[in-house]
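Please arrange chain D on chain S, whose structure you already have, making use of the hints.
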Amino acid sequence: MHIMEGFLPWQWCLIWWIIALPCLMLGIYQLKKVLASDREALPLLGVTGGFIFILSALKLPSVTGSCSHPTGTGLSTISFGPWITSVVCAIVLLFQSLFLAHGGLSVLGANIVSMGVVGPLVGYAIYRLLRDTFVNIYITVFLVTALADMFTYVTTSLELALAYPAETGGIVSSFVLFMGIFAITQVPLAIVEGIVLALVFKYIVALKPDILIKLKIFSEEKINAARSAT
Amino acid sequence: MAYKYTLEILTALAIGTFCILFLYTNSTMSGAEFAGSDNAGSGLIAELSGTLKENFHPLIPQWKPPSNEIEACLFALQAAVGGILVGGVFGFWIGQKNKA
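Residue numbers (the numbering used here), protein chains in the order written: chain S, 1 to 230; chain D, 1 to 100.
Among the clues, some could well be false.
[Claimed, not checked] Listed below are the simulated BS3-like cross-link pairs for lysine-lysine, each with C-alpha atoms no more than 30 Å apart in a straight line: (1) S:K59 to S:K214; (2) D:K53 to S:K202; (3) D:K4 to S:K214; (4) D:K97 to S:K33; (5) S:K214 to S:K33; (6) D:K4 to S:K202.
Just so you know, these hints were derived from the structure itself, not from any lab.
With the rest of the complex left out, here is chain D:
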């Protein structure tokens, strides 16, 4: 029983360390923009191929969220769908267990 909450404690420590690392990086690293690594990757592609980033065009026409707010909304929607699935099933299992 001594190890009952080992994983919970480890998770809390890991998330705590992660946040501290972020705050440290954010305050010390100059030029840290925290943009997506996808963008950094595309920048390197432009560099390696000698073509300007603006000159890459979608092969298949693509809809782009018109603003960051709408993008954030759609990402939140994706996470919400996942959250509903996870929460719903855990609730269902708890119900099954209590009934048995």
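Just chain S, same shape as in the assembly:
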């Protein structure tokens, strides 16, 4: 999902930075508040953030014959919401732009918006929609993770299509072209990522159900139902 340094005109870099910055500031503010009110939240932040570090380092092969990486933002989105997730993503993306030449400082704003803002926002919407329904919590985690991953790549496609409209067909047809490269490659990866993180969530539920209830991530009834079913 990285837009490479130099491949986005400076006007667009500026626009995406302007969108990304308030999200990061809100995230830092929320992060301070959460950590000040509950010391038990820190380990959970470590696990959910840790998976963003691990999964975004894995470039996996896909059916289109190219490689792409999952985002791992699902668990953090469910546990802490989209804004704190933006902050964790920004740290990872900064590391990758400084040391790996994946992305870059000028396009960092655009990459934060796709991986750290829009993906997690879509995931968070799904989570809020399903949280208080009868839907099993592992299915919720799967959907949130897979869709946060997919929409990260849809956003990258959109960012590029807006900057590079095709001569015939304009933004729409170049959006379709970029989706062909980014989104189709991502489908199998998103599905596997969703299942793996649902399994990880099972272990969090097994070991630390009280923190999930205390932070009101899922209701006590739902956590107990999940514990007795597995």
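For chain D alone, kept in the frame of chain S given last:
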């Protein structure tokens, strides 16, 4: 209790299928290079804008890993940091649970 390991089995199946898909694609698709989709995206940008890929220059000067080995090392480092966080916290939680 019948469903105790459903998620573990599903995960194993998903990863297995993923590997088989990769081996199948790798052996049947000609011209599959398994390069990054980021590169493919940059290729399309070059095509759409009518500018050669070589003519895109970083807006902000950027350090590039001098070889694939060094890049792999740094990626492994990133994953290791994540792994330490995850493993450390799970260990901490298991310890807390055993103590209680």
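To see whether the hints hold, each was checked on the structure:
Our distance criterion of 30 Å between C-alpha atoms is broken by K59 (chain S) and K214 (chain S), whose separation comes to about 35 Å. Straight-line distance between C-alpha atoms of K53 (chain D) and K202 (chain S) comes to about 45 Å, which puts the hinted pair past the 30 Å bound. Taking the CA atoms of K4 (chain D) and K214 (chain S), the gap is near 25 Å; set against the 30 Å cutoff, the hint holds. With a C-alpha separation of about 26 Å, the suggested pair K97 (chain D) and K33 (chain S) falls inside the 30 Å cut-off, and the hint holds.
About 15 Å separates the Cα atoms of K214 (chain S) and K33 (chain S), which keeps this hinted pair within 30 Å; it holds. Between K4 (chain D) and K202 (chain S) the CA atoms are separated by roughly 11 Å; this keeps the pair inside 30 Å, and the hint holds.
Of the numbered hints listed earlier, those contradicted by the structure are 1, 2.
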